[in-house]
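**Student:** Please build the complex by placing chains B, C and D on the supplied structure of chain A, with the hints as guidance.
Protein chains: 4
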Amino acid sequence: MPAPWRLFIEWINSGEGCFREIKKIVRAGATEHQDYMVAVLEGLGKSLIINGKLQSSLADEAWYHEALVHPTLLSHPCPRRVLIIGGGEGATLREVLRHECVEEAVMVDIDKELVDIAIRELSEWHQGSFMDKRARLIFMDGRKYLEEKEASYDAIILDLIDPEGPATLLYTLEFYRLVKRSLQRGGVMVTQATSPVLTPQIFRTIRNTLLKVFRNVVPYITYVRGYNGLWGFIFASDTYSPLSLDSKELGERIRNRIKGSLSFYDAVTHAWMFSLPKPIRDMLDEDKETIATDEKPLTMPS
Amino acid sequence: MPAPWRLFIEWINSGEGCFREIKKIVRAGATEHQDYMVAVLEGLGKSLIINGKLQSSLADEAWYHEALVHPTLLSHPCPRRVLIIGGGEGATLREVLRHECVEEAVMVDIDKELVDIAIRELSEWHQGSFMDKRARLIFMDGRKYLEEKEASYDAIILDLIDPEGPATLLYTLEFYRLVKRSLQRGGVMVTQATSPVLTPQIFRTIRNTLLKVFRNVVPYITYVRGYNGLWGFIFASDTYSPLSLDSKELGERIRNRIKGSLSFYDAVTHAWMFSLPKPIRDMLDEDKETIATDEKPLTMPS
Amino acid sequence: MPAPWRLFIEWINSGEGCFREIKKIVRAGATEHQDYMVAVLEGLGKSLIINGKLQSSLADEAWYHEALVHPTLLSHPCPRRVLIIGGGEGATLREVLRHECVEEAVMVDIDKELVDIAIRELSEWHQGSFMDKRARLIFMDGRKYLEEKEASYDAIILDLIDPEGPATLLYTLEFYRLVKRSLQRGGVMVTQATSPVLTPQIFRTIRNTLLKVFRNVVPYITYVRGYNGLWGFIFASDTYSPLSLDSKELGERIRNRIKGSLSFYDAVTHAWMFSLPKPIRDMLDEDKETIATDEKPLTMPS
Amino acid sequence: MPAPWRLFIEWINSGEGCFREIKKIVRAGATEHQDYMVAVLEGLGKSLIINGKLQSSLADEAWYHEALVHPTLLSHPCPRRVLIIGGGEGATLREVLRHECVEEAVMVDIDKELVDIAIRELSEWHQGSFMDKRARLIFMDGRKYLEEKEASYDAIILDLIDPEGPATLLYTLEFYRLVKRSLQRGGVMVTQATSPVLTPQIFRTIRNTLLKVFRNVVPYITYVRGYNGLWGFIFASDTYSPLSLDSKELGERIRNRIKGSLSFYDAVTHAWMFSLPKPIRDMLDEDKETIATDEKPLTMPS
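Residue numbers (our numbering), protein chains in the order written: chain A, 3 to 304; chain B, 3 to 304; chain C, 3 to 304; chain D, 3 to 304.
Hints listed in this document are in silico derivations from the structure and should not be mistaken for laboratory results. Some clues are possibly wrong.
It does not matter which identical chain is used: a pair holds within one copy or between any two.
Below, simulated DSBU-like cross-link-like pairs (lysine-lysine); rule was C-alpha separation at most 35 Å, straight line [to be verified]:
hint, residue 1, residue 2
1, Lys-280, Lys-290
2, Lys-280, Lys-298
3, Lys-114, Lys-151
4, Lys-114, Lys-25
5, Lys-250, Lys-25
6, Lys-290, Lys-151
7, Lys-48, Lys-114
8, Lys-214, Lys-146
9, Lys-280, Lys-250
10, Lys-26, Lys-182
11, Lys-214, Lys-280
12, Lys-214, Lys-26
13, Lys-135, Lys-280
Just so we're clear, the structure is a prediction, and the values are computed from it rather than from any experiment.
Just chain A, with the same shape it has in the complex (with noise of 0.2 Å):
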C-alpha cells in the first residue's frame, strides 16, 4: 500500500499541524538533555528532529542557516570572534566559517552527546566545520556560559530551540543584557525568533525585549518547509544594521567576504527578507510593549 504507515507531526497548535512519512530512521534515542530522531522524511530529506519538534532538514537547510548568519557577519565591518549558542548540527559553524574576517568561532552547546552524534550522522551539515582550527566547542549551558566568561565578541548567533522548558530563559530581558556585555563596542546579535504568522506574538514579544537593549532591532523573515511557514530572526546592535547596506556595497561584501557559493543568500535574496509584507509590519506596530523576562518569560501556545 503507498499510504505512510510511519509518520513525523509538526504541530502548530492543538488541532493544526503538519505530517512527513518517516522513510527511514537513522538513528533515534535520548541523551541526558533531549530526546533526539534523525530520520529520513517525505518532502524533507534527511532530517534533525529534537524533542518532537524539527530542527533543520537537507532539502532547505540554507533557507534556515545562511538567512541566520550572514546579514549579521556582514553588517559587521570584519567580525573577528564570533559566539554560537547552540547550533548542534553544526551548519551554522559551517556558515559563520565561510566568513574570511572569522579568526575563532566558539559554539557553547549543552548538550554533547547529541554534537557527538552530529558529528556522526549529520555531516552533511556540517562538513567537517568541527574539524576547523578556528572552532572551539564548549559544553555547557548558553546563559551560564555568559554569565561567567569574561570573553567579548563581534558578532554573537543565537541558534535555538523554540522558547520552551529551559530555554525560555535565553530568549529574555535579562539574557540579552548578558548578550549585549559580552559583545566588543560595535557588536552585533541575531537570534531565531520563531515564526511572524503562526506564533507573531512570540515573533514580536522577542523583538520587543530586544528593543530594551540595543538601538537597532531589525526583524526579518524567511520561509522553511519543514516549520510549515514563514520564520523569522531579529537582528540587534547598538552600532550596525543590515538595513543600512545598500544592494551593491552587500554584492561587494559578498563576493569579499564569503569563502565558496552560497545556495540561498545574495543581495536579491537579502531584499526579500527585509521587505517584511505588510500584515508583518502591521502586527508588529500593534504593541511595542510586552516583553519577556526571567520572570516573565514567553510560553509557546498549546
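**Tutor:** Just chains B, C and D now, with coordinates in the frame of chain A:
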C-alpha cells in the same frame, strides 16, 4: 478531550500534508461540477474547500487575492475592462473593483451553483461585489468563453484551481494564445501558478509556457498559510511589467487608483513579492524549455 | 488523489485512535445539549457522531443494539413495560418493539432537537418506531425522570453515551438505586458499559457498582467496529439472569417472542457474548470494590 | 505538548486506519526480505512491525498466539512432531513447546536476519524457546521446505504475514495440498486467516480453499487490539476437530498436556472463539465456491 476529532487534510504529496481541525461545518455538498465545503478551520478561520483542496481562508485571503490582482492592474496605465476567469468567492472581483479605472469587470466561472453558495455564505469575501454595477457574471467554461467571444480586455486575471482534471486546459500554450488574442494592445495578464517550493516544476512550466507567448513574463511569490507554503503567480504582457515601477511611482499609483485601505499590498510588500529568493531563481533557470500544451498538459504530483 | 481529505477521528486515548474518511456530510450542527454530525464514513457507512464520539453506524449497529436489548428482555418471562434512557437514534426502541410481550415502551432522552433530527435523518435506524402506538417519547434528563416519576417497569435499558460530563451521573450507585426502585418485582436492567479492553477499569467499576445494588450482575461483550474494539454491557436483576437460559430455551424464546428476523442475535451469538475470554474475567476478578458514586463518579481517560 | 509527534499507522483500507504514538524506537531497519521496526507503541507496549504492519504486541500477543496454537494441538490426541511456518518472534514456538507431547518442533522462517533480531530484542516473546532442545530452526521459504522435504508432522501451524506479495502463495489450494501431504494420518493444521470483519472475503476464501482439501474445516475468531478488530483462524484436518471436544474433556487436556499457566486460553475462552456471531456465519454461508489458487491467489484490498 481537547484533541481534534474532525480534520481537514491538505496533501502536498502522497506522504506529506497538513491538517486542521474542522471546528464548524457551515455547509457542505456537491454541485454539478465539484464538491465543496464551507467550514471553520483551526488556524485559518472560515474557509472554502473545493474537491478537497483549500481555496481560501478568511485569516489570510488577502495574501492571495491582493497579491494576485494589484501588481498586474497597477502595471497597466489604466485598465478599463478586466476579465476574471474563476474566482468563485468574489474576492478577486472585490479587489478588481477597488481600482477606479475599472469600468467593467467580467467574471467567468463555470459553476453557477457554487457562486450562488458564495453569494450567500461567503459575504466576508465578496463584500457585495457581485452587486456592483460594473460587475458582470457569466457562467460558462472560461476557455470556451475566450474561444467564442470577440471581447477584448485590458487585463485578464486567471484565478484558477490547480491544474488537475479539466482545469489543466487553462494552463496550456493554446490557452495562453487565446488569452493573448483577447487582450487589447498593452494588455496585461496574471495567473495563479501553484507553489514554487512544493511543486516547482509546475510553477516553472507555467512560466516557460507563457514565455512562448508574451515578451515580459514575471514570476513572483507570496505566502499562504492554508496552502502550506510559498505560493506563486506569473505576470505576462508584451508591453508592461510590474518590475519597471519604482517604489515611488508604485506608491503613487496605489494612492491614486485604489479605493479603500489594503491589508496586504503596498510598495514594501511589492518588493518582497518580486525579490525571489535565490533557490527559486536557480530552479527557474534550470529549465526554460519544458512547456504545457493541450496534448501534453501539466500533471500535479500525487 | 485517492487519499482522504476529511477525517473523523475517534481517540482511544491521548496517543491512540482510529480515523475514517468522511465521505459525505449529511448534516452537522449543534443542539442545546450537544454537537452532532450525520455523515457517511469509510468502512462504517452512514453514522451518527455526538460530541466527537461515534454513536452508531449502519454497517454494524445491530452488533450493538441487538446485543443491548435482547438478552435482557428474553431473560424476563414477559416484559410488558420497558423504559429506555437515551437511545436517540431510535434503534434501541426498534428492537424493544420487536418483542411481542411489550405493551408500552417509554423512551426518555434529554435532547428533543437531536431526536427530531434522528426522526428525519436516521430512518434506517428507527424504521418508524417512534410512530408505533406502544412507544412514548419523553424529553427530559433520565435521572430526573426516575427521581420524579412513580412509574414502574419490567425492564430498563440504559443506552447512554460514555460516562463523561453530565452523563457520569447515570453510572453511579445512587442512580442504580433509582433504577432498582423503578423496577417491578422480577425486573431486569442493562447498561452499556464501555470497552472491557480499551477502558477496563471503567467497565469493571460499572460492574462493581451494580453488584452493590443487584443480586445477579452479568457482564457480557460484543464487538463494534466503529468503537474500535470489544464492547461491554452489564445486565443486572435480583431475580433473573441471561446465564440461566440454556440454548434450547433461548432458541424457543427468540422464535416465540421476537418478531421479524434478527441480523446479529441468536443462541450461538448469545454463547459468544456470554463466554468472556480469560483476560477479561481475570481483569474483572482483580478488583470488586471500587465503585462509582455521585461524589466520586467515573472519569474516562483522556 | 502532550500530542503525539511520531505515529505508527495501521491502514485498514485506503480511507480507514488506526494510529498509535511511537513512544520509543528500540530498533528499526531492513533485512534482505523485509522492513522491520521494534518500538514501544501507545496502548500496545513493545511491538514488532514488519513492512508497515503490526505483527504482535506485548499487551495482547497471547490473544493471538494462544488462540493460534492450543485449539489445534489439543484437538489431536498427542502431537509429537509439530511444524511452524513463519512465527519469527518465537511466541508460537513458545506455546507449542508448552505441550508435553511435543518431541520435536520445527520452525521454518524465511528471514534469518529477522529471527536473529527477535532472539536479541524480543525475549519477552520467545522466552528462550529457540534454545529448547526440542526446537529446530530452518531458514528457508516455507513452501519450498514442504516441496523438498519428506518429513511428516502431526500438526502444522501457519503463522504467516497477511496474503500480500510472495506470501500469497502460502494461502493457495496447491499450498494446502502440500500441507496435507506433509501431515501424518490424523494430522491437524491451522492458519491465521486475516479478519472476518475487516477483510471478510479473504477470510472466507481461505476457508473455502481449505474445504477443497480437508474434511473438517473450522473457522474461529479472537480479538487483537493491535489488528484493530476481530481476527480469524481456520483449523483443518481429515480426522479431528476442536468442535468435538466438550468442555470437560477440553479442561482435562489443558490440565494434563500444557505446562505453565496460560493467560488467554481456557475452556470458556474456547467457547468464545468457536461460537461465531451470526453476521460472520451468514457471511461465510454466502459463498462456498471462491477459492485461491497459485494462478489466482488472494489480493488484500488497498
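**Student:** If you check each hint against the structure, which ones fail?
**Tutor:** 5, 10, 12
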